[in-house]
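> Chains as they are written, first to last, in this note's numbering: chain X, 1 to 237; chain S, 1 to 251; chain P, 1 to 235.
Watch out, some of these pointers could steer you wrong.
Claimed, not checked - Covered by chain X, according to a simulated footprint, are these stretches of chain P (three or more residues, beta-carbon under 8 Å): (1) 65-73; (2) 176-186; (3) 197-210.
Claimed, not checked - Under the rule of at most 25 Å between Cα atoms (straight-line distance), these lysine-lysine pairs were calculated in the BS3-like manner: (4) S:Lys77 / S:Lys24; (5) S:Lys77 / P:Lys48; (6) S:Lys118 / S:Lys139; (7) S:Lys119 / P:Lys151; (8) S:Lys246 / S:Lys217; (9) P:Lys151 / S:Lys122; (10) P:Lys197 / S:Lys82.
Everything labelled a hint here was simulated from the structure, so no lab data went into it. Don't be surprised by glycine CBs; every beta carbon is placed ideally from N, CA and C.
As a plain string of letters, each chain reads:
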Amino acid sequence: MDSLEIIIKYWPKLLDGTLMTLKLTFLSVLVAAIISPFLALTRANASPMVQAPLRLYISFIRGTPILAQLFLIYYGSGQFRPILQEWGLWSFFRDPFNCALLTFVLNTTAYQTEILRGGIMGVNRGEIEAGKALGMNKLRILQRIVFPHAYRIAWPALGNEIILMMKASALASVVTIFDILGRTRQIFSRTFDFSIYLWAAILYLCITAIFVLIWRQAELRLNKHIAPSDHLSADKK
Amino acid sequence: MSKTDVILEANDIYKSFGNVEVLKGISLEAKNREVISILGASGSGKSTFLRCLNFLEIPTSGTISVHGELVDIVNGKPVNPKHIEAIRSRLGMVFQQFNLWTHRTAIENVMEGPIYVKKIPKNLAREKAESLLERVGLKDRMHMYPSQLSGGQQQRVAIARALAMEPDAILFDEPTSALDPELVGEVLKVMQSLAAEGRTMIVVTHEMAFARDVSSKVVFFHAGKIAEQGTPDEMFNNPKTEVFQKFISKI
Amino acid sequence: MFELFSFGENGWGDEILDGVAITAQLAIATLPIGLFIGFIVAFAAMSKNKPLRAIGYGYTTLMRGLPEILTLFVVYNGAGLLLNTIIKWWNVDAQPIDFSPFIAGVIALAMVFGAFSAEVLRGAFNALDEGQVEAGRAVGMSPNVIFWRIKLPQIWRFALPGLGNLWINMLKDTSLVSIIALNDLMRMTKVAVAFTKQPFTFYLVACLIYWLMSLLSEIILAKMEQNANRGIMRV
Chain X
1 MDSLEIIIKY WPKLLDGTLM TLKLTFLSVL VAAIISPFLA LTRANASPMV
51 QAPLRLYISF IRGTPILAQL FLIYYGSGQF RPILQEWGLW SFFRDPFNCA
101 LLTFVLNTTA YQTEILRGGI MGVNRGEIEA GKALGMNKLR ILQRIVFPHA
151 YRIAWPALGN EIILMMKASA LASVVTIFDI LGRTRQIFSR TFDFSIYLWA
201 AILYLCITAI FVLIWRQAEL RLNKHIAPSD HLSADKK
Chain S
1 MSKTDVILEA NDIYKSFGNV EVLKGISLEA KNREVISILG ASGSGKSTFL
51 RCLNFLEIPT SGTISVHGEL VDIVNGKPVN PKHIEAIRSR LGMVFQQFNL
101 WTHRTAIENV MEGPIYVKKI PKNLAREKAE SLLERVGLKD RMHMYPSQLS
151 GGQQQRVAIA RALAMEPDAI LFDEPTSALD PELVGEVLKV MQSLAAEGRT
201 MIVVTHEMAF ARDVSSKVVF FHAGKIAEQG TPDEMFNNPK TEVFQKFISK
251 I
Chain P
1 MFELFSFGEN GWGDEILDGV AITAQLAIAT LPIGLFIGFI VAFAAMSKNK
51 PLRAIGYGYT TLMRGLPEIL TLFVVYNGAG LLLNTIIKWW NVDAQPIDFS
101 PFIAGVIALA MVFGAFSAEV LRGAFNALDE GQVEAGRAVG MSPNVIFWRI
151 KLPQIWRFAL PGLGNLWINM LKDTSLVSII ALNDLMRMTK VAVAFTKQPF
201 TFYLVACLIY WLMSLLSEII LAKMEQNANR GIMRV
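All chains, full assembly: derive it from the sequences and hints.
This is the structure:
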């Protein structure tokens, strides 16, 4: 079988794998995006005592390989099987998809928290004081001033983190999940045709390229207020 | 004056950046112990000319010779490029922005050239550097990094760095323009003492007092050409061209 | 429980330590090769020659867009295949040989490290103030002396934090090599788990060892940065 025949025969499997990669990435990024603002605020403002466990968690995640984290959760949960069964959690941990998702959420939450914290620290104090002077309450200041600025500052770094997460999701294939790489290894083990790896590489690059375009468009919209040309034309109107 | 008295000679220097011709045939010679001030409005080409003298900019055409090392430039290419580094090591250069190496202390900045270009043993270079820093009044600051020194102090270290190469002539590119007004004096004082010592200097400057009182020759650039030159007396008391009259009346 | 990690017949201490040694060897062997690739690629990307520049940018974009584990598989399987094809060419009857996972690991990790470090180095070259180089030219330094005495020390200072991050990332990425059967820390942990049936305990220990190595690296890097930043300390 030549390379073209292989891709014609197996493309539905690769497509299936692509959807799995996107699903894993999207879900983990989404859950982390919901949790991380709260953690980032804690990291930026809370007392050192409150921060200590959070810092420990972030340092652990950043200091250990994501593969080791995945094995710790996927295989490690087996050690507590009786307890987990008792609590009715075993069915969750038995499923490799759940374990991969949990690992990725824990991982990207730590990174997103640190990135967003940087954004929060970068917000101009004067603008927060201006909000206070107008009599805004704390929640209003966060919602109208702090977070809009923080996300603008953090946007490029968050985009990078999402790409890293997408790439890291390929590790799910090691715990029998059929994402792009999982499918690729499966097809390779049947055909021993090396070209299938190149198709996988193209798929990953396409996902990255499309994501970068979307993210940049979003960034332009977010930063409308500092784009000089837009600013001038808005003034003229 | 005999021919050997000429230290630096630039002949018919042209320089273009793209389509813009900045220097339109400039010739200048500097004799031993001469202090030449180059004046001119910004954009007149005076800094470009100075940078051409030690080939930080390569002229489009012309010849430059320093103590017999001659470089001929045709179509923006030096015919004998091997002489360029030799010429550079014979000319000291003091920059507007000091350009001290930020990763080295004051004394290391002064020692660097002698050690790595002139291949002088380290201990000799150190002794020399110490006495030069003393000479510019910075012996007590010699182990500080540039970021720990004021602008005026940095420029004095830069002068010591240039002196360490025992140059035949020193080029100054607006050495006081980047300094706060209260720091200008300390640098000018060092320059004045160098002139009194009999050093050959070519100084691009906006300091009229320096041009008038210290230099032996004043050259006025206008639109890429030398519009007028002479002794400070002639130039300031009896300006011949209208452009130079206008220039000094503004100050 | 501590018996599990004792050294000798009954414990897994020595096996795990062997794994740590392999992990460290892998990372240390990768660093110079990766840095070398990084410099080459950075120079290519900054070159005046257009095709060379395209290759430089193409390489970084490609390598940074691919999952590290995919690069590892491509190198391991691809290079193995290539090697055996060449051997078959040479001698039709030759037995197929296995490509060393250690070498495959070093090549793949160095390719990735090279791509990322090229970006860091390019940024550092761009941050270099042209005046610093001019001052070197003005005292008559040759391009060679300028590179070693002025450019490199300053670039080192600008690039060190970025390279430090990449080092820690690479240290963690060595764990991927366990998947292609190299007996690194991760793999030895897996072996221990298979025998003891205590996956959580052993993977936690593995994590703690990686964590320790990362923290140690951070401390050393902080010291190195302090050292490199002597000249720009504000008083």
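> All the hints need checking, so say for each whether the structure fits it.
Status of the hints after comparison with the structure:
{"no.": "1", "hint": "65-73", "result": "holds (count 7)"}
{"no.": "2", "hint": "176-186", "result": "holds (count 4)"}
{"no.": "3", "hint": "197-210", "result": "holds (count 10)"}
{"no.": "4", "hint": "S:Lys77 / S:Lys24", "result": "holds (17 Å)"}
{"no.": "5", "hint": "S:Lys77 / P:Lys48", "result": "holds (18 Å)"}
{"no.": "6", "hint": "S:Lys118 / S:Lys139", "result": "holds (23 Å)"}
{"no.": "7", "hint": "S:Lys119 / P:Lys151", "result": "holds (20 Å)"}
{"no.": "8", "hint": "S:Lys246 / S:Lys217", "result": "holds (19 Å)"}
{"no.": "9", "hint": "P:Lys151 / S:Lys122", "result": "holds (21 Å)"}
{"no.": "10", "hint": "P:Lys197 / S:Lys82", "result": "violated (73 Å)"}
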